[in-house]
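**Q** Order-wise, the sequence lines are chains G and R.
When the count follows the UniProt record's numbering, it moves up by one through the first sequence with no breaks and lands on 195 for the last residue.
When the count follows the UniProt record's numbering, it moves up by one through the second sequence with no breaks and lands on 195 for the last residue.
Just so you know, these hints were derived from the structure itself, not from any lab.
Warning: the hint list may mix true and false statements.
One copy or any two copies: either way a pair holds, since identical chains are not told apart in the list.
[Said to hold, decoys possible] With a cut-off of at most 27 angstroms between alpha-carbon atoms, the simulated DSSO-like pairs for lysine-lysine come out as follows: (1) K45 <-> K101; (2) K81 <-> K36; (3) K21 <-> K7; (4) K36 <-> K101.
There are 2 protein chains.
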Amino acid sequence: MRELLEKIVAEGEVVTDGVLKVDRFLNHQVDPHLMKRIGEEFAAKFHCERPTKVLTLESSGISPALMAAYELGVPLVVARKRRPLTMTREVYRAEVYSFTKKETNEIIVSRPLLDSSDRVLIIDDFLANGQAALGMVEVVHQAGADVVGIGIVIEKAFQDGGRLLRSRGFRVVSLARIGSLTDGVIRFHEGVMNG
Amino acid sequence: MRELLEKIVAEGEVVTDGVLKVDRFLNHQVDPHLMKRIGEEFAAKFHCERPTKVLTLESSGISPALMAAYELGVPLVVARKRRPLTMTREVYRAEVYSFTKKETNEIIVSRPLLDSSDRVLIIDDFLANGQAALGMVEVVHQAGADVVGIGIVIEKAFQDGGRLLRSRGFRVVSLARIGSLTDGVIRFHEGVMNG
Chain G
1 MRELLEKIVA
11 EGEVVTDGVL
21 KVDRFLNHQV
31 DPHLMKRIGE
41 EFAAKFHCER
51 PTKVLTLESS
61 GISPALMAAY
71 ELGVPLVVAR
81 KRRPLTMTRE
91 VYRAEVYSFT
101 KKETNEIIVS
111 RPLLDSSDRV
121 LIIDDFLANG
131 QAALGMVEVV
141 HQAGADVVGI
151 GIVIEKAFQD
161 GGRLLRSRGF
171 RVVSLARIGS
181 LTDGVIRFHE
191 GVMNG
Chain R
1 MRELLEKIVA
11 EGEVVTDGVL
21 KVDRFLNHQV
31 DPHLMKRIGE
41 EFAAKFHCER
51 PTKVLTLESS
61 GISPALMAAY
71 ELGVPLVVAR
81 KRRPLTMTRE
91 VYRAEVYSFT
101 KKETNEIIVS
111 RPLLDSSDRV
121 LIIDDFLANG
131 QAALGMVEVV
141 HQAGADVVGI
151 GIVIEKAFQD
161 GGRLLRSRGF
171 RVVSLARIGS
181 LTDGVIRFHE
191 GVMNG
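Same shape as in the complex, but just chain G:
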């Protein structure tokens, strides 16, 4: 998605070889018109799968996911993050390990919000190691529902998540794929856009 790639080049900031900061338009500050375009793009890619729900993880997945849900005309479900607590029976839950923070957190969805008739489109802002997406997949499967696709705004294609999810048969659509961030330069998977 060219508009997104241009925004990443113009306003993204390479923090380390592994970390791209997009605080200016995707998470801390959000560009609502870009989110709308991203929502339209996800809707165009996935509407044939007839999703009944969009699922994302708080909080930075919410903006692109809300716009995708709006375009698709279906509810958005926001999985909640929290540290492991006492087991209760009213929620679906999965553990998600963060390689960045080196800690395990739980993601939780209230049972009444997903059931076996649902066809779920998972949306997230970033795909790195794929752990968050796999946690959401697990929650969907606990509900007996189907994952009809995974939409990612920015995939770090130099990390394992994309390969892992695709090898398990999921259709993953990433609107931008970063090939590397070496030497402070953002190289997209399809080629170099700046240097």
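Model the placement of chain R on the given structure of chain G, informed by the hints.
**A** Only chain R this time, still in chain G's reference frame:
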């Protein structure tokens, strides 16, 4: 906003005399079309104030605030919550006391995202004691910027926040005002809608 009041009556759940659960359409599950309508309503109420930014607090303020920012054509800034850490100079920060959780948390906004030329519209999903809104006001004032208004989806008018904010001269627009939740019945400030 009638559509919102009807949704609260149809899908809201009174948990205690003080707690209204709106997990079905406002936070855990989100109705994107209702959010769009809410965004339009906030834009209609506040566009004359010429806001340059919308500010909200993660994570349940994001959905209505994103739609308001979209309609107003301005960026959304999402203040982050976290527990106090080492002081840094690159952020605005305020402490917010939660009466529900009986704990103080910090809210943080990166300095480059707000400056003294900004006219900020604060949006949040709930207004109860007003502590979150006051924390956001403090962050805006640290930036030397102006608060041009406060837009709330659901105000618990039986708690002190609305009175507190209005007494300090802020223009507060609440799309639904709950007068009481006594005996499991949702009474709106303007009268009874169910019973």
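**Q** Compare the structure with each hint and give your call.
**A** How the hints compare with the structure:
no.: 1; hint: K45 <-> K101; in the structure: neither (32 angstroms within a copy, 42 angstroms between copies)
no.: 2; hint: K81 <-> K36; in the structure: both (25 angstroms within a copy, 25 angstroms between copies)
no.: 3; hint: K21 <-> K7; in the structure: within (12 angstroms within a copy, 38 angstroms between copies)
no.: 4; hint: K36 <-> K101; in the structure: neither (30 angstroms within a copy, 35 angstroms between copies)
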